[in-house]
Amino acid sequence: MKHKKTDIAVIGGGPAGLAAALKAKQLGIKDVLILERDIELGGILRQCIHDGFGLHRFGRRMSGNQYAQVFIDDAERAGIEIKTDTMVLEVTAGKEIYACNNKDGMLHIQAGAVILAMGCRERTASQVLIHGERPAGVLTAGSVQRYINMEGYLPGNRAVILGSGDIGLIMARRMTLEGIKVEAVYEVMPTPGGLSRNIAQCLDDYDIPLRLSATVTQVHGRDRVEAVTISKVDGKMNPIPGTEKRVECDLLVLAVGLIPENELSRGAGIEIDPRTKGPVLDNNFMTSVPGIFAAGNVAVVFDLVDYVSTSGEIAAAGAVEYLNGGLAGGTRVPVTPGENVGLIVPQFARAGSNTTFFLRVKSPEKFAVLQAVSGSSGAGCEKIIFEKKCRYAAPPEMITFTIKDVPARSRRPAPPDVPAPPDVPAPIKVAVKREEARE
Amino acid sequence: MTKEVPAPSEVSLRETSAETCPKAGRFQNAPPDFFRVQKELVCIICPNSCRLTVTHTQDGTQVTGASCKRGIQHGIDEVTNPMRMITSTVAVTGGILPRLPVIGSGEVPKAKLAECLAKIYRTKAAAPVMYGEVIISNICGTGVDIIASRPIAAGGRT
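These protein sequences, in sequence, are chains U and V.
If you use the numbering used here, the first sequence corresponds to residues 1 to 439, in order.
If you use the numbering used here, the second sequence corresponds to residues 1 to 158, in order.
To be clear, the hints were calculated from the coordinates, so they are not data collected in a lab.
Warning: the hint list may mix true and false statements.
Straight-line distance between alpha carbons at most 20 Å, and here's what the computed DMTMM-like set of lysine to aspartate or glutamate pairs gives [what the hints assert, rightly or not]:
1. U:K181 x V:E115
2. V:K110 x U:D205
3. U:K30 x U:E313
One chain only, chain U, in its complex shape (with noise of 0.2 Å):
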């Protein structure tokens, strides 16, 4: 086995990953490594070949290719080692990796700090309880999308839809231009996943139809999908029993969530957040290992890749002061979700830290206002430490924003006939809700 040591590792070399490791370099550090399975760097961005990307950091419209391109420019010119088709096998809680590749055999590298960045993956058939047989045809929207954009392969003629989040309806265009016929796209949930501009731009754009509160009960076909059973949903998502319809069909697309891709992480021992699905992480987007970071889609799934390059950078400079020593105490206060807010990461800040938060709500809010809530243990002492206006709210639109000084907690005086509350860190509840004036 080789060995090998180096002071960033970063597992992954997609978006996140290749974030990190530049702004790694930039600050300073010598050796950063990017260890990524694929035979090139880009990660998922190689077989997004629509546009939409880097609209908040380049301020144009770029084609997922092209986002990832300056960035593999850019760490080819720093200078950043680069080990490709190497799969990372385990991550130790003392920073150890153990990796391979046809090159070097084994690897075992001892990193100073560790940097998580192995994106997502989607949920497959059977974890959304499709029943029914077996047959060719049903496959993810992402496999789908690499089949088509990367490979020059059609796997069908018409196609139907389950899910419509952005990455569906994306797909919903995408066959369509290539000639597939996309008989509608189904949603289990009274509203669309996706964005409305994807609806806009994806299926209005071309008449194909959003059908909300339906979903495939049943897959038909032996060995080629044949059509699919839709039944529509009552208010708790279960089927309508005599609401079936058969629909032909020779493709299924399942485009029913992400979830973060965290086997490495677990074998390291590092705790998982149930909401996000992945690791609990604080201000500076490390985990509870100290000295394992996360970044991107591996930490929470986000829906903008300027995002994802961001929270590769936030990761990278905590990397890089904790090899410089300066992460050690500060007190950990915890951000926890309120009202109408479905996930927020990180969940905790450094007292006195400037800290960005990447917050999704739960149901859509017009005029909406975010407030960041200090507190306490006397009670009364809370205090609105945060506010932000939000014009429009919804699920699919991440919101992103930073709270400067984090205080340990309130420091609101006590009302005149309670008692002090002692000096101790109180959580921040952050809470999403309609603006007052305009209820």
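Given chain U, put chain V in place with the hints provided.
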């Protein structure tokens, strides 16, 4: 960007005035807001997905609900000359991958999308391809170039 958008007032007047429309005589006694067209759109410029209301009258086109200048322009374009970005792939021979992703250097008229795609599907490139290389210049007379959105090295698979 190589697109020309006619001034909104020009368009509404040209399309609806008595001088150019042979059947305009019958509209002479029409009420003042007879030519008013109102359209609800979702802006596709950025993920904010602003809800636009485009009002098209004899006096011009008005867009409300947009939170930026580009959104206002998009609203006007959608009722006068809708434009779309083209992204697709072309076949590539002798490279590490069989398909080369491409993107337009600007938007093309929505009405020309199918024609442009047909042209793209007939095109073949040979590896190596450089990032940003022009694969088809001035596609279908739109003034838009189709460019490679990634490099493809020679070798490996075909």
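Evaluation of the provided hints:
For the hint pairing K181 of chain U with E115 of chain V, the CA-to-CA distance comes to about 18 Å; that is within 20 Å, so the pair holds. Distance hint between K110 of chain V and D205 of chain U is fulfilled; the C-alpha atoms sit about 9 Å from each other, no more than 20 Å. Restraint check for K30 of chain U and E313 of chain U: the C-alpha separation of about 17 Å stays at or below 20 Å, so the hint holds.
Checked against the numbered hints given earlier, this structure breaks none of them.
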